[in-house]
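Number of protein chains: 2
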Amino acid sequence: MFFMRECVKSGHYFKIGSVSKKYSIIASVLETPKIGEVTEVKGWVKSLRVQKEFIFADVNDGSCAQKLQIVIPKNLPIDDNLTYGSSVHITGKLSKSPRGQLELIADNINVLGKCVILDGYPFNPRTVHPPEYIRKFLHLRSRTNYIAAILRVRHAVTTHIHNYFAKKNYIHIHTPILTSNDCEGAGEVFKVQPENNETIKAMMQEGKNRDSVYFGTKTYLTVSGQLHLEAICRGMGDVYTLGPTFRAENSRSRLHLSEFYMLEAEIAFCDSMEKLQKVIEDLLKYIFIETRNTNEADLFLIDKSNKTPDWLNKQFVTLPYDEARNVLCAKGLDVTEEGINKEQELTLVDHCQAPVFIVQWPKNLKSFYMKESSFDNSKVDALDLLAPLTGEIVGGSLREDNYEKLKAKLPSDALNWYLELRKFGNIPTGGFGLGLERILQVLCNIPNIKDTLPFPRWPHNCDM
Amino acid sequence: MFFMRECVKSGHYFKIGSVSKKYSIIASVLETPKIGEVTEVKGWVKSLRVQKEFIFADVNDGSCAQKLQIVIPKNLPIDDNLTYGSSVHITGKLSKSPRGQLELIADNINVLGKCVILDGYPFNPRTVHPPEYIRKFLHLRSRTNYIAAILRVRHAVTTHIHNYFAKKNYIHIHTPILTSNDCEGAGEVFKVQPENNETIKAMMQEGKNRDSVYFGTKTYLTVSGQLHLEAICRGMGDVYTLGPTFRAENSRSRLHLSEFYMLEAEIAFCDSMEKLQKVIEDLLKYIFIETRNTNEADLFLIDKSNKTPDWLNKQFVTLPYDEARNVLCAKGLDVTEEGINKEQELTLVDHCQAPVFIVQWPKNLKSFYMKESSFDNSKVDALDLLAPLTGEIVGGSLREDNYEKLKAKLPSDALNWYLELRKFGNIPTGGFGLGLERILQVLCNIPNIKDTLPFPRWPHNCDM
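The listed protein sequences derive, respectively, from chains Z and B.
Note that full-length UniProt numbering has the first sequence beginning at 1, numbered continuously upward.
Note that full-length UniProt numbering has the second sequence beginning at 1, numbered continuously upward.
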């Protein structure tokens, strides 16, 4: 082709395929150590010990929990900037120490970026900083072992979730973040409008207020993708979504965020609670077992006392709402009309020594779309799954598939589209939502939900 | 355990493991057909042909592009509601027709949900509805072959993207949707605040305006996760994100959405454009090749004329900005100070007969964080990748890693955290952003971007 030749002639066309990564990530070096081979690594110095003939540096590059020990002979030219926190490029020979530890004997060490603690670097070597302190430095905190390990586990858990659903032939759907539905009863919402007044002016139409100008309707951040999933499920079968959802609540507990991730699945042709519960229990056990296999070192780095929970080998307990109330009552805890509270949730989990499905909920405590029970029309076929540490981690239900019953409970005409799903080629479906951050709390033993994701947002906090 | 026995006694404890799916998805039936075996399927009737002794129904369940032909002997009891669009549960024996076509000879057919076209169902059998028409019925459109096929391809593409980065040891990071950064120069933003006035009143503090009450700062929907990725990259190495981003622009082209998905990757220790370009070219070719392997039938369903693009076997072309301008100039097209426009982008692609990297951009046309070229300080090490049909599909750059140079260009004090990333253990990085929907347009030949995702949002449109 003429033009390509032209490019080659003028020297601007180069062979992309010839560029490759020369250095190794530390995870690979540790996985298949090639003793005696020249090896290049790049990463950050996590600690330094100066001894008589050698300097020992522990270097990590974020690819795994472990550090690689670098042995630096003192006769090498050494940059003054080689300190804790600095970024380095090291070439050397891989070797085993007398004690059998893998180490890299450096031939060359190059400091890429210095790190002067006195210039304001907030972390110190060989110090375990409390999470509340680390959280003040969101932009730097992925450099701490604690947060880096959590983010690797978070990545692993999302991967296992996608793998689980791929095996079961579910289709991954990107449900929308912006929505004109505000009435799912799932909590308070954020509204959205353009920042730029010029845009609003230019788009203004008679009879519209500011809030509705851009989209033609008031627009909110999603609180759940479920209703949208149900629409797709009725054309494509089993589907799921894993994405951000939002609550504009003024709650500052260790269990709440303004922006968090939900896994939601909608199961086609699902006509029994047993089937729904089976999917949830299978999925949860799969996530826990797989992540313990793939990220054991990270789990220990996050919490040394982490161990396989007993309940992984047990069946989850199923408890009707009324019986749960009796259990709590017998312990002197009164369930009000608002339902089971957080303390009571944890009491039930403790009582059962396993995750508990609370089923057969009173209709008035649950959302309009939940299916009326066939054996008691004051109840709905809904479930909450309660787990240790966090209480509720999953909510789910069969969906009301009777057109007339749904119509009677529909909270707004804006949801007529949802009703219409039942009119044409309708099928029974059921589904659930699982809070990703709470799963991470239970799996890793993370007391505060703000440490389960890279950039937490909660009331008065939206840094960066 | 006492309590569990109690549950068993009261009949509320059931064996979860015993429930399993009895029917088969059509994708599995077609993949490994078990001729002669009793088979159950569930799905929707896509067409019906009544003949002398049999009714022929084509049934699809969303699991694949293909339909399964059902042969219904007329002596079976047949529900009047068995029509186009109805949902059905069929049991029968798998067989091969005289012509060798796989078919299911029905023993039993059960209509789960009727579909009466006269009641307002917008689609008709054996009719190819234009996408503009289908788009009016967002809640029902996944029942059309066109949209279902696109959503399967979208799922496949995201899976291939995750697989690509998993192989390369990148860590998947959930960058935030809510952000207090508004000044990346990437376009107009949406602002976010609680809908509930009571919440705002309760949280109001002296000196704050409404916009800032909830988070303590004005808060926007993200236009890019890049700056956040850069923070994580400097603790954990190679990272990427794949999630929704937003633009509050009043543009209604076939290439723009208010909410769309971006894949963004940040490459640690990346110090050359060649390396950056290699990753982009490899990734794109991987996506195209893998998706053509996994979803060939879907690609044909979307566009019968779809074929493997010639450029998959070619090196992408690289063209410095100034040369691109000369090429356009020679064709009588003038490049203004605002840069290359859409028509000119497509002209360049056509001229090169392949995707083109435009490199060596004038500094004033690009963002503050892009690295000043070492050979010409009026230029930055940035790239746009132009592709057929859509023009720009990827934008990327090396990042300015010189503290002083970055400080001089920093557009706002709110980004001091970003500057500080260069202060402690800094490393060279480079990265790019790729529009998922535009990739789908090129891959599938989809003229309008609104058909590449399940629930498109654009000015005056935020249905559901």
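The reader is advised that the hints may include incorrect statements.
Remember, identical chains collapse to one label, so a pair may be satisfied in a single copy or spanning two.
Keeping only pairs whose Cα atoms sit at most 27 Å apart, straight-line, the calculated DSSO-like set for lysine-lysine is [said to hold, decoys possible]:
#	residue 1	residue 2
1	342	218
2	304	168
3	314	93
4	34	93
5	168	34
6	52	96
7	218	191
8	22	331
9	409	22
10	307	96
11	409	46
Derived from the structure by calculation, the hints contain no laboratory data.
Which constraints among the numbered hints does this structure fail? Numbers only, ascending.
1, 2, 3, 8, 9, 10 and 11
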